[in-house]
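Peer 1: Just so you know, we're using my numbering here: the sequence shown kicks off at 385 and counts up by one.
The hints are simulated quantities; they were obtained by calculation from the structure and are not laboratory data. You may find that some hints are simply not true.
The calculated lysine-lysine pairs, modelled on BS3-like cross-linking and capped at a C-alpha distance of 30 Å, are [what the hints assert, rightly or not]:
| # | residue 1 | residue 2 |
| --- | --- | --- |
| 1 | K458 | K444 |
| 2 | K408 | K397 |
| 3 | K408 | K445 |
| 4 | K458 | K471 |
| 5 | K444 | K471 |
| 6 | K445 | K458 |
| 7 | K444 | K463 |
| 8 | K445 | K463 |
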Amino acid sequence: MAINATSTYNLRKNFKKYADDINKYDDTVLVTGPNNRNVVLISEDQYNSWQETNYLLGNKKNLDAITESLNQLKDNDSKVLTPEEFKAMQHG
Numbered sequence: 385m386a387i388n389a390t391s392t393y394n395l396r397k398n399f400k401k402y403a404d405d406i407n408k409y410d411d412t413v414l415v416t417g418p419n420n421r422n423v424v425l426i427s428e429d430q431y432n433s434w435q436e437t438n439y440l441l442g443n444k445k446n447l448d449a450i451t452e453s454l455n456q457l458k459d460n461d462s463k464v465l466t467p468e469e470f471k472a473m474q475h476g
């Protein structure tokens, strides 16, 4: 994954290459504009990933559950469940 900077002129001239590299190599392209009014181009997959992360971390209940799980892992306070045990926990 790389971050590349380019001008709007160069982006227009080489758009297909930039679009292909963004998708193929998960690159990020910073398109420089006048007066530092820049634009960042990322793949749709990367955008969707960021949206999901923002959603999960933007909800206090989700954030607390994730934090608790990470603390349990750090403290070796976790256990492996079978699929049946996991389903029973969800419904029980």
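Peer 1: Going straight from one Cα to the other, do K445 and K463 come out at no more than 30 Å?
Peer 2: holds (22 Å)
Peer 1: Check whether the Cα positions of K445 and K458 lie no farther apart than 30 Å.
Peer 2: holds (20 Å)
Peer 1: Going straight from one Cα to the other, do K444 and K471 come out at no more than 30 Å?
Peer 2: holds (24 Å)
Peer 1: Does K471 lie within 30 Å of K458 when you go C-alpha to C-alpha?
Peer 2: Roughly 25 Å separates the two Cα atoms, so the pair holds.
Peer 1: If you draw a straight line from the CA of K408 to the CA of K397, is it 30 Å or shorter?
Peer 2: With a Cα-Cα distance of about 19 Å, the restraint between K408 and K397 holds, given a limit of 30 Å.
Peer 1: Hinted pair, alpha-carbon criterion (30 Å max): K458, K444. Please report holds or violated.
Peer 2: holds (21 Å)
Peer 1: Given the hint that K444 pairs with K463, does the C-alpha gap stay at or below 30 Å?
Peer 2: holds (24 Å)
Peer 1: For the pair supplied as a hint, K408 and K445, confirm whether the alpha-carbon distance does not exceed 30 Å.
Peer 2: Not satisfied, since the Cα-Cα distance of roughly 35 Å exceeds 30 Å.
Against the hints set out earlier in the document, a violation occurs for number 3 only.
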